[in-house]
Amino acid sequence: MRLDLMYESFFKIVEGIPLTLQVVSISTILGIFLAVAVALMRISGSKLMSLPAYYFVYLIRGTPLLLQLYFVYYGLSQFEFIRESILWPLLKEPYWCGIITLTISTGAYSSEIIRGGILSVSKSYIEASGALGLSQAKTFVLITLPITVRQALPAYGNELILMVKASSLISIVTLMEITGIARTIISKTYAPVEIFLVAGSIYLAINFIIVIFVNLAERRLGIEKAT
Amino acid sequence: MFDVFALGPTGWGDEMLMGAVMTILVSSSSLLLGITIGIVFAACKLSNFFILRAIAEVYTTIIRGIPELLVIYLLFFGGSSAVMYLAKIFGYIGYIELNAFTIGTIAVGAISGAYSTEVIRGAVNSVPKGQFEVGKTLGLSGYSLYGKIIFPQVARIALPGIGNVWQITLKDTALISVTGLVEIMRQSRIAAGSTHEPFIFYTAAIILYLLITRLSNIFFDSAEKKYSKGYVSKEAL
Numbered sequence: 001m002r003l004d005l006m007y008e009s010f011f012k013i014v015e016g017i018p019l020t021l022q023v024v025s026i027s028t029i030l031g032i033f034l035a036v037a038v039a040l041m042r043i044s045g046s047k048l049m050s051l052p053a054y055y056f057v058y059l060i061r062g063t064p065l066l067l068q069l070y071f072v073y074y075g076l077s078q079f080e081f082i083r084e085s086i087l088w089p090l091l092k093e094p095y096w097c098g099i100i101t102l103t104i105s106t107g108a109y110s111s112e113i114i115r116g117g118i119l120s121v122s123k124s125y126i127e128a129s130g131a132l133g134l135s136q137a138k139t140f141v142l143i144t145l146p147i148t149v150r151q152a153l154p155a156y157g158n159e160l161i162l163m164v165k166a167s168s169l170i171s172i173v174t175l176m177e178i179t180g181i182a183r184t185i186i187s188k189t190y191a192p193v194e195i196f197l198v199a200g201s202i203y204l205a206i207n208f209i210i211v212i213f214v215n216l217a218e219r220r221l222g223i224e225k226a227t
Numbered sequence: 001m002f003d004v005f006a007l008g009p010t011g012w013g014d015e016m017l018m019g020a021v022m023t024i025l026v027s028s029s030s031l032l033l034g035i036t037i038g039i040v041f042a043a044c045k046l047s048n049f050f051i052l053r054a055i056a057e058v059y060t061t062i063i064r065g066i067p068e069l070l071v072i073y074l075l076f077f078g079g080s081s082a083v084m085y086l087a088k089i090f091g092y093i094g095y096i097e098l099n100a101f102t103i104g105t106i107a108v109g110a111i112s113g114a115y116s117t118e119v120i121r122g123a124v125n126s127v128p129k130g131q132f133e134v135g136k137t138l139g140l141s142g143y144s145l146y147g148k149i150i151f152p153q154v155a156r157i158a159l160p161g162i163g164n165v166w167q168i169t170l171k172d173t174a175l176i177s178v179t180g181l182v183e184i185m186r187q188s189r190i191a192a193g194s195t196h197e198p199f200i201f202y203t204a205a206i207i208l209y210l211l212i213t214r215l216s217n218i219f220f221d222s223a224e225k226k227y228s229k230g231y232v233s234k235e236a237l
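Chains A and B are the protein sequences, given in the same order. Going by this note's numbering, the first sequence opens with residue 1, and the numbers climb by one from there. Going by this note's numbering, the second sequence opens with residue 1, and the numbers climb by one from there.
No lab work stands behind these hints, which were simulated from the structure alone. Every residue, glycine too, gets a C-beta built ideally from N, C-alpha and C. Mixed in with the good hints there might be a few duds.
Some chain A residues near chain B, calculated using beta-carbon distances under 8 angstroms [unchecked claim]:
1) THR63
2) TYR74
3) LEU145
4) PRO146
5) ARG150
6) LEU153
7) GLY157
8) ALA182
9) ALA199
10) GLY200
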């Protein structure tokens, strides 16, 4: 064990934390909107809406994230019309390709969590709300959504941890976040164990903090832990 | 447009198929290693010894909290020297290099082992206690109790969970492409680079992964049906 090397590289790897957190939070927030849209499409009852949503989720869950990233970063840029489109300033940047891919991925996975949450809302609540004269939109925002959040939160906590882990892949398209910096140091110093311990501890710390926050939120919302 | 997928030396069709075979091979061997690790650590988690339980807990927490890519880098850069270090203890001094397949199998196997541990532990816990007691009352122990009475029940309950672990494992093998193992991901990258047709080749890779997923779903569904014979299904209740 080279403790001095671990100490030195700790300060270098820490510089990657902002980028990791930035990418994770931007794509998580964008991903929630996508997830709600996909979940609503799936339970809409119309085949025209639910089938595309079903195949979208199937496609994303059935293929590796790395492949999705390559597809967005290298695959799309092959076409002239994309390079001339207004999206090109975004699609030529590895940063935005990473965010787009992670957003799509978490959107697909969380849509299943949200769908489960919405389906768990008892029909009688919806009926009661209708009887009280609330509109459909108001019922959704005031009744369905809060109950869905309560139902979905424990599973969503897991999804957040998976997102932190998944964000490491953007290092492959040259972004220098935690894993990217760690990899660079490993290939320079050839001390894989030491660097792994440092970078791994940082990831564990981030995920531990997420678990604490999710637990706090669960307690606030009165979710009882399954024992 | 589809000439690029011609078989033989003129196209990439056969190379892509070989990539798919490699993906299936490395995923299967990782899953097997993972299940073996899973059985050992599930036994640790269920044991009465605090130390064993703590070791298993640390292992699953680390693997589930750290990016897969870091684990792969650790083994890719450190695997060979670790093996040489072990060999030195046993008196062998020389250069040993692990190939990409072995490193990939160990890395992805270690990852899928953590998930298998939880699946197997849950399955063992859901075998009714009475089964152990009856077995012991009948005078069975060791292999005849665990091998013939407990294991078949654990296997049946664990099967759907193992199916999920297989999906995770299959997708994780795409990360081994960074170590140079020529599976679907790596092969489509090579082909995309040499033909300048990344869109077509990454689409082909997506189709190959979805095909493997579809086929393995069919396999696990039929295996589940086969091993659930004689049990009342949940829907029937």
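Each hint tested on the structure:
1. THR63: With a closest approach of 5 angstroms, the THR63(A) hint holds.
2. TYR74: holds, 4 angstroms
3. LEU145: Check failed: Cβ of LEU145(A) comes no nearer than 29 angstroms to chain B, outside 8 angstroms.
4. PRO146: violated, 30 angstroms
5. ARG150: violated, 24 angstroms
6. LEU153: violated, 19 angstroms
7. GLY157: This hint is violated: GLY157(A) lies away from chain B, its Cβ roughly 13 angstroms from the closest one there, beyond 8 angstroms.
8. ALA182: holds, 7 angstroms
9. ALA199: holds, 6 angstroms
10. GLY200: Because about 5 angstroms separates GLY200(A) from the closest Cβ in chain B, which is inside the 8 angstroms limit, the hint holds.
When held up to the earlier numbered hints, the structure conflicts with 3, 4, 5, 6, 7 and fits the remainder.
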